[in-house]
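S.K.: Chain residues, written in single-letter form:
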Amino acid sequence: MSETSPARPSLWVRYTSSSPLVVTFFALVLGLAFGALVIVTTTPAVLDAWRAIFHGWNGLPHALNLTFNNVGAAYRSMFTGSVVDPQGLWHSITTGNGWTNTLTPISETLTYATPLVIASIGVGIAFQTGLFNIGANGQAVTGGIAGAVVGSMLHMPEIVHLPLTLLAGIAGGMICGAVPGVLKAYTGAHEVIVTLMFNYVTYAFLLFMVLSTPFQQPGQQNDIGRTMDHSAQLAPLFGTSSGLRVSYGVFVAAAVVVFAWWLLNRSSLGFDFRVTGANPSAARASGINARSVIVVVFLISGGLAGLAGVVQVASTTHYVDGGFLIGNAGIGFTAITVALLGRNRPMGIVWSALLFAALGVGGRNMQATTGIPLDLATVIQSAIVLMVATPVLVKEIFRLRSAETTTVQLATTGWGS
Amino acid sequence: MSLVDATAATRVAIPVKNRRTRVIAVIMGLFGVFTVFVFGFGSTSGAHSSFTFNPINLANAPWRVGSLTVVTRWTDVVLGVVMVALATEMFLRRPRRGVMARFGFVAVLFLLGLLFWAARTPGPSPTSSVNITAILVGSSAAAMVLIFGSLSGVMCERSGVVNIAIEGQFIGGAFLGSMIASTTHDFFFAALGGLFVGGLIGLVLAFLSLRYRSDQIIVGVVLVTMLSSLSSYLNLQVFTPFPNFNTGILAPNLPIPLLSKIPILGPVFFNQSGFFYVMIVLVAVVSFALFKTRYGLHVRAVGEHPRAAATVGISVIRVRYINVVLGGAIAGLGGVAFMATQGQFQVGYTSGYGYIALAALIFGRWRPSGAVVASIIFGLSVYLSYNLVTYNVPISLYILQMFPYLITIAVVAGLIGRVRAPAADGQPYLRD
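If you read the sequences in order, they're chains Y and V. The first sequence finishes on residue 417 if you use my numbering, and the numbering steps up by one all the way, no holes. The second sequence finishes on residue 432 if you use my numbering, and the numbering steps up by one all the way, no holes.
One thing to keep in mind: the hints can contain errors.
[Claimed, not checked] Which stretches of chain V does chain Y cover? Using the computed rule of at least three CB atoms under 8 Å from a CB of chain Y, they are: (1) 128 to 141; (2) 342 to 355; (3) 395 to 401.
[Claimed, not checked] Stretch-level coverage of chain Y by chain V, calculated; a stretch enters the list once three of its residues show a Cβ under 8 Å from a Cβ in chain V: (4) 50 to 58; (5) 175 to 189; (6) 233 to 245; (7) 298 to 307.
These are computed hints drawn from the structure, not numbers from a lab. Think of the CB as a built atom: it goes at the ideal place given N, C-alpha and C, for glycine as much as any other residue.
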């Protein structure tokens with residue numbers, strides 16, 4: 001018996017084996033490497049240098065130097081734009097001045113991460129149930145619209161107005177999430193197509209709203225909605241005068257994290273969710289009503305995405321416009337990758353949301369300082385997630401010792417019948 | 001599979017099927033009633049609608065077809081009554097076959113009724129007549145792209161791999177296609193580029209989902225995210241500083257002698273770009289290959305029951321690799337075709353056609369011919385949703401633009417369960 005049961009592996013073996021954390025780390029390395037490759041192959045100066053490596057004795061060193069300079073500058077500006085600029089930090093510590101500038105990057109990252117955490121947890125809960133809510137962006141848009149409508153067109157004291165605005169956002173997201181859920185539960189329509197189509201429907205709805213009379217900003221011809229009352233806004237955490245945008249929304253996000261942890265790990269409803277996700281037939285055999293689970297999950301998932309939308313509006317711009325959450329910058333799309341990276345667990349999602357928020361915010365700084373487009377951040381994010389979704393590939397590339405196969409547990413295959 | 005899996009579906013198959021048919025019938029009936037009361041009685045009694053059929057560019061058309069003028073109200077009422085009659089028949093008889101054909105027919109009648117109504121002459125429309133030929137030519141562009149996409153879906157899903165990345169292959173094909181067409185002014189090379197990039201994305205999808213058995217839908221969706229952000233990145237990094245790479249060159253029309261002179265059909269089918277003809281050939285080739293050749297039999301076997309296929313010596317993984325790469329290449333070509341009809345590459349301008357193509361595939365019951373019919377209906381609705389504005393329809397442009405997507409949702413919701421996907425669609429295959 002002692003021959004068959006393996007001995008407890010040493011610490012080194014465990015850390016070089018493919019534990020999820022190690023795989024994630026190497027996925028990050030690969031993602032950043034892929035981003036570097038993209039930078040190098042699309043920067044004309046670097047390409048010219050590589051073309052000229054045989055033109056002189058210093059051709060190759062020059063090319064390498066230029067490559068590292070460009071990639072280094074890009075990633076350095078990403079870091080200083082999203083975490084902290086070491087020089088600025090040193091300056092602030094030694095002189096006691098300039099704290100606003102020093103803290104702005106981390107405040108921006110937190111501002112961006114706040115709605116991202118909320119939306120990603122919504123997506124993650126759906127994933128844990130085996131449902132793919134790819135329409136989080138559309139739900140965030142309807143949530144943002146609903147919140148902006150309540151926040152700007154109703155007037156009341158803050159103690160009522162802010163909660164009501166947030167609730168309106170949740171309701172807006174829920175409405176948009178309920179439709180795919182009900183259709184999935186009662187007709188079997190695959191949630192991927194339905195939620196995706198809703199992203200386009202809600203975008204058209206957004207343009208309709210911000211361009212038509214009651215909601216359009218008065219006196220405006222452009223696609224811009226009304227501004228929320230102060231009583232409906234999420235105030236900056238350190239006061240308006242601090243110049244830092246990070247808002248009380250972080251407490252909303254923290255509450256959502258706690259709620260999700262409780263729901264998934266401590267409540268019987270969450271148990272039903274996870275059983276349904278892990279093994280639908282076992283769930284059915286044990287008397288779990290699959291239909292109501294699907295609908296409830298989509299309500300929660302959509303509601304959280306809607307909350308993310310309204311938090312985004314209430315803590316940053318305070319109005320929605322035609323560009324709200326558009327394209328790759330949409331938190332609902334990033335939320336999918338964040339949830340996958342965080343393995344759909346609340347705390348994992350917090351860390352990965354912080355990471356992807358840093359990539360996004362840093363990408364903005366990179367675009368400003370080096371001219372490399374912000375979209376590189378999304379490219380890196382999707383490369384990371386492709387790797388995380390394929391842990392075996394990462395193991396093979398880095399010759400990691402094979403522990404038990406760690407896959408992102410999912411049951412989103414096929415069109416259903 | 002997932003939550004409503006096969007066992008449950010077979011257990012409750014009959015009642016669900018019957019109820020579903022009736023739900024679809026009710027929806028069809030509502031379309032009819034809407035046509036009667038909103039389009040029919042919503043227009044003033046004296047209103048009439050006229051249609052012309054001559055192509056806009058009359059230079060190479062030696063023929064002219066007279067215009068057709070009808071009384072709006074009664075035409076729409078008749079259309080609506082036909083729709084209601086079809087719906088009633090379906091509600092009562094609950095036919096086992098032809099449900100989708102009836103639904104598609106009603107959808108076309110509805111669009112027709114909408115056109116009659118939009119073009120009524122004492123009405124808001126600034127133009128006095130509707131040019132049917134122009135509408136057909138316009139929607140053929142959208143339909144063509146959707147057909148490319150759904151053919152790609154047929155290729156992949158018949159072998160058991162869900163290709164959600166069609167949208168990404170469109171983007172990749174459109175991007176590279178625009179770059180190559182703008183620099184070489186030759187759409188042959190652009191098409192090759194599209195085939196290459198689409199096939200490459202297909203290869204990545206196949207590699208990750210077949211070799212490493214990753215979730216196909218997740219890989220597909222992340223690939224689309226990557227392609228759309230990469231195209232946005234490259235658009236800023238390459239196309240903005242070098243506009244010569246993205247001049248928005250359009251593929252020239254290649255009129256087929258004689259045939260292109262046929263009234264109405266000529267401009268729609270025989271005076272198109274090369275991509276259109278390639279598309280028609282591809283439909284025929286894929287249909288033939290899938291249903292009449294030995295390889296096609298292998299593909300379908302792999303898609304339905306990979307284990308059984310493997311038992312008789314078919315290499316499941318190899319068949320899937322080939323089909324996913326070929327399917328990806330077809331979608332990439334579709335991206336080039338899209339670019340060749342729309343012009344200049346813009347970020348996000350495929351606006352979800354790849355996903356609509358998937359819905360067309362479902363509507364068409366995973367058959368090339370069905371996918372073609374579905375793509376034509378979707379193409380018509382996409383085109384009309386953007387062009388009804390020119391008739392001053394009292395509906396917001398943005399509300400109209402929701403329609404293709406809402407129709408897609410309705411189709412997917414109404415038809416899944418009625419139509420059967422290849423049994424192994426989306427399932428990873430374990431070789432042991």
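S.K.: Hint by hint, say whether it matches the structure.
M.R.: A quick look at each hint next to the structure:
Residues of the stretch 128 to 141 of chain V lying with their CB closer than 8 Å to a CB of chain Y number 0, which falls below the three-residue condition for coverage. Given as covered by chain Y, the stretch 342 to 355 of chain V passes the check, having 5 residues with a CB less than 8 Å from a CB of that chain where 3 are the minimum. Check on the stretch 395 to 401 of chain V: 4 of its residues sit with their Cβ under 8 Å from a Cβ of chain Y, so the three-residue criterion for coverage holds. Only when three residues or more bring their CB closer than 8 Å to a CB of chain V does the claim for the stretch 50 to 58 of chain Y stand; here the count is 0, and the claim is violated.
A count of 6 residues in the stretch 175 to 189 of chain Y with a Cβ less than 8 Å from any Cβ of chain V is obtained; the coverage claim is therefore met, three being the minimum. Check result for the stretch 233 to 245 of chain Y against chain V: violated, 0 residues qualifying (beta carbon to beta carbon below 8 Å, three or more required). Counting residues of the stretch 298 to 307 of chain Y whose beta carbon lies closer than 8 Å to any beta carbon of chain V gives 0, which falls below the threshold of three, so the coverage claim is violated.
In summary, the structure is inconsistent with hints 1, 4, 6, 7 from the numbered list given earlier, while agreeing with the others.
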